[in-house]
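Undergrad: Protein chains in written order, with our numbering: chain A, 1 to 101; chain B, 102 to 599.
Calculated from the structure, these hints are not laboratory results. There are no misleading hints in this set.
Looking from chain A toward chain B, a few residues come up when the C-beta cut is under 8 angstroms (computed):
| # | residue |
| --- | --- |
| 1 | Gly-7 |
| 2 | Met-20 |
| 3 | Leu-59 |
| 4 | Gly-60 |
| 5 | Leu-73 |
| 6 | Val-75 |
| 7 | Pro-94 |
| 8 | Lys-95 |
| 9 | Leu-97 |
| 10 | Ser-99 |
| 11 | Ser-100 |
| 12 | Asp-101 |
Here a beta-carbon is modelled for each residue, glycine too, at the ideal position from N, C-alpha and C.
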Amino acid sequence: MRVLKAGQKLKSSVCDTQVMVIKPIPGEHDLRCGGASMIEMADTASGTLDPAHAQGTLLGKRYVNADESLELLCVKSGVGSLSLDNMALAVKQPKALPSSD
Amino acid sequence: MNIVTLLEMAADAFPERTAITCEGRSLSYGELLAAARRAAAAIRATDVRFVGYLAVASPAAAVALFGSAIAGIPYVPLNYRLTGEELAALIGRITPCLLVADPDYASAIALPESVRTIGRAAFLAAAFDPAGPMPDEVPGEAIAVQLFTSGTTGQPKAAILRHENLFSYIVGSVEFAAAEEESATLVSVPPYHVAGVSALLSSVYAGRRIVQLPNFDVAEWLRLCRAEHVTNAFVVPTMLSRIVDHLDAAGRRVDLPALRSIAYGGGRMPLPVIERAMAHFPDVDFTNAYGLTETSSTICLLGPEDHRDAAASADPLIRRRLASVGRSLPTVEIEVRDDAGRTLGAGEIGRILVRGPQVAGEYGGLGSLLDAEGWFDTRDRGFLDAGGYLFLDGRADDVIVRGGENISPGEVEEVLLSHPAVSDAAVIGIPDNDWGEGIAAAVVMRDLTVEPAVLQAWVRDRLRSSRVPQQIRFVDALPYNEMGKLLRRLVRAEFAGA
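Please take these sequences and the hints and turn them into a complete structure.
TA: Written out as structure tokens, the structure reads:
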């Protein structure tokens, strides 16, 4: 369980996945990747990937929970998949905006 | 958050893809990231507080931007068109600094001792030296970019953009790696303009190759569009106006088969210019982007569909949207308020306020100008229509208050410009003992046989008598800066000096 902060970077403890918190959900939550709790960038990875949580993460995709109260940006992809409080996170569909600069 | 993450992601996804082309030389995302890391080591070794960039657009600007971000030091691109004296004053505000400069610009300035100058070529050479160390980023909520505003009304202010502002803007408005590999964007705005900074960031994040044009020129712009198979371009209204004039004079269809989209912003787009541009480029998507330095660039967009719908509509309320700046980005809120702070409804003119994570609203020495709820007063005036389209109506600071009545200079300028003898006009307030402020106009004439009294009658017939300029002066040209912004303070000084 941890409190998430906007701009915070976290990494998976069982694969290469790294995420940045774009929109933090208030309160303490259990954020996992590959079935294991995500850890601080400075921490050492340990543990093994849970095959039930191995759909992979995609670089540059934004991941949200059901009501989109949490939004993460995948800044490095990996083989694990993301979950919050035991619910899988889904890829947020991009809004098509024209290029403006 | 650190903007270098945007580049790291691109270098991770497509390290070999070309990131920047300039003067025939190309640089991949992998090379750009490695160069930025080495530049960061060089920056940190100098123990400075700022990195200044006094040079034309080049890959060195991107290396300095991302290198400064890794080093955790603000990047400050400077306007090389200012005088040596003006630049010395600005650089004096960012000491101690490492100044990456074109030698011609740096030699014309009396620099303080705490400024270490490095030539643009030497800076790049060090960044490409394979023996150079490549440190990781410095963590923290540092300032990413500091931009001096153009100071059209007074002294330049140092607008501060934090990593979180720029990062939020890019992630909120650009989809990662959305550009096709063959797409290329032609960047003609100078590196010291916020659009020059955001163009680098959004193109890197989209994976779109940047083609830099250091000094805008219509023939060179057209040549680069063809030679580099440019798909996207960003221009300021003055540039589009010159492109359209050139095409009108050439009298034939322009052939730029790769070009798919033109975005414009940075100033008011005259309706005839965009209408002519759409006629010259019927297959091109036009996007109007409205934003401020203090908002990390774009906050409103008038998209390609909006342009086509407005141009094709018989409904005047839809048709006029071609002159609007479109609707706010999904990540940005916009409100129009009166001087007492009340939120106004559709069609009511007031001050434009904006809120969102990309809105910085912070100045060096002044701190944050956001209110308690996070709103930033743009000091632009305008109104929202029933569909949420924003129309601009000049700067709050330019409003003339005559006998308690608010008069927007733009309204009078538009009427003067509609007279066939007038080619350009600027309206300002002048001190008046009876009314507090009176109206004066500096006018550039096509036909000098037309008397000021004729123009006064022209305005009186079309607007109320309170809108008639009491002083009209004929001038050869109006003072604009290089981005096409009218320098009203110089027009005011002209009248004050008379």
